[in-house]
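Protein chains: 2
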Amino acid sequence: MKLATLKDSTRDGQLIVVSRDMTRFTHAGEVARTLQAALDDWGEAAPKLARLAERLEAGSGQSERFDQRRVHSPLPRAYQWADGSAYVNHVELVRRARNAEMPSAFWTDPLMYQGGSDCFLAPRDPILAGDEKYGIDMEGEVAVIVDDVPMGATAEQAGNAIRLVMLVNDVSLRGLIPDELAKGFGFFQSKPSSAFSPVAATTDELGEAWRDGKIHLPPLVSLNGIPFGRANAGVDMTFNFGQLIAHAAKTRALTAGSIIGSGTVSNKRGSGPGKPITEGGDGYSCIAEIRMIETIERGGPRTPYLHFGDTVRIEMNDEHGASIFGAIEQTVQRYSGDERQ
Amino acid sequence: MKLATLKDSTRDGQLIVVSRDMTRFTHAGEVARTLQAALDDWGEAAPKLARLAERLEAGSGQSERFDQRRVHSPLPRAYQWADGSAYVNHVELVRRARNAEMPSAFWTDPLMYQGGSDCFLAPRDPILAGDEKYGIDMEGEVAVIVDDVPMGATAEQAGNAIRLVMLVNDVSLRGLIPDELAKGFGFFQSKPSSAFSPVAATTDELGEAWRDGKIHLPPLVSLNGIPFGRANAGVDMTFNFGQLIAHAAKTRALTAGSIIGSGTVSNKRGSGPGKPITEGGDGYSCIAEIRMIETIERGGPRTPYLHFGDTVRIEMNDEHGASIFGAIEQTVQRYSGDERQ
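As given, the protein sequences belong to chains A and B, one line each in that order. Everything in the first sequence is counted per our numbering, starting at 231 for the first residue and increasing by one. Everything in the second sequence is counted per our numbering, starting at 231 for the first residue and increasing by one.
To be clear, the hints were calculated from the coordinates, so they are not data collected in a lab. Zero decoy hints are in this set.
If chains are identical, the list can't say which one is meant, so a pair holds when it fits in one copy or spans any two.
Pairs of lysine-lysine residues, derived as DSS-like cross-links and limited to a Cα-Cα distance of at most 30 Å, are as follows: (1) Lys413 with Lys444; (2) Lys413 with Lys480; (3) Lys237 with Lys278; (4) Lys413 with Lys363; (5) Lys444 with Lys498.
Bear in mind the structure is a predicted one, so any value in this text is a computation, not a measurement.
Could you build the full structure based on these sequences and the hints that come with them?
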């Protein structure tokens, strides 16, 4: 089934069930007022939501037209957003671009950072930034929402706790990253609010594309309407979601509704880095990656980061070309402070 | 007023108002079911909670005996836990102990890490850890809970968004920190769940001790019943809470209920590091600090990290010796996995 969160006057919105083709929805308030409430008691809620989804597919019961512009991120705010960096290829490129060697442990011990989860952007919200000099970048990723995970869970147990799958735009301020990471405490100001896809889907909605704890489909990343990346999320993913979740749960339990991300999807091409789509490659899920390749191959970056007015779109299609999660589509805008409430 | 969260069968517990002397409480469900719900609509909720507090102090209306063992951390789970490191003295010592110079920017640009907030420990919960070799340590800190803070808020605006104050035990696994920080993405496994004081108080409860965005009182940190630290939270705090919150809000808004921590409270002694309480000093709010001083002064650490069975207590008294927030009191226990539900 597919779930989403309709905007209303509350902070957490209203849980709705969306039809597979994303044309219709039905309110799910009789089961749970919010997606977090459903996740808090998933064993009770999931079968009831599944029945609502069945009725919706059958065309019985009340439904309304679904509009992706009317929804929040599935969890407008969450208790946890932990983002892995499972495409180690991408990490190796980052290092090569600055002539640093990547520790070999990176192939066996996942990189993961604790992200801010108190205030996500809606999938069609603008990306507000104070200055283009921050080096505004998108990151096309996949993410899962988990049920409760006990401390010390194995990768297999952790994989079994996956309840929903989504896409993410993990907005990054590249210009702020070097100084921030040099301080040693990880990202903070360099990772502003992320946006998630309009719809979160159970793994069975992905059919054969969901296997081995990975989604074997490409997030389609476009910039100003031009395809920028279509790297396959199931390729070169060194750690699957079960492994990423188990990493997060090594020394503490994870609460239901925690979101675990894959990191920027990135594919190698043979033994080398990927190529732009315009050159017949699969492109990139973020601008930083093409800039790293330009640095390695041409002595310096050529592609600029996002400008005010640029529009980023991230979606994912099934084998029939139908959108699975709806589209994240965000325009970068200057933040002047007048937007403050 | 003083607020707390009574444990019940729900994940978020029940909001209660606690008497100033912490002997009585009254249910606040008529105002808001949970503390987060009150924070979501603080302008509406706060005056009503204040009236309940007044009635409780006057001895009118129903009340029950308050037992610190029956409460969660004020927010059993939160949308954000961002911990600063405002006692730069402490940071400088960490660096000196490993012969590294501290960048001078650390005196002007706050260090802050994004912590896990999905699953806090109750103030009397055990600290569960898989292995003593993790280097289990307490960190006695103060923290504030804020209202909504817009992106780009000034330190003054940010300071005005402070709604409640608490104590924290920011449990740290020192043995896991070096490898984790070397990976470059900050803390994750090395920062398991934190615990907060039984009670969160509005700043007016602190009287004169709350000024300049700081609490001018010492968190009293004890280990196995023996005083370990009484460094004053108002001394050597390079960044006040307004500045820490503004740092957190530089590139994104903060949602009501976000918790911002001070970092381990640490006082210098003249131009040098503090001394143990047994030597007439104010001691330390974490074991790592005395180990660093031992390393600098005696060539290596002498004080061990926490053992299974050790008990940490953190509280704070007013000028009359009365506890303000109640006591965090936690015993370290081996986690075998049998605790999994």
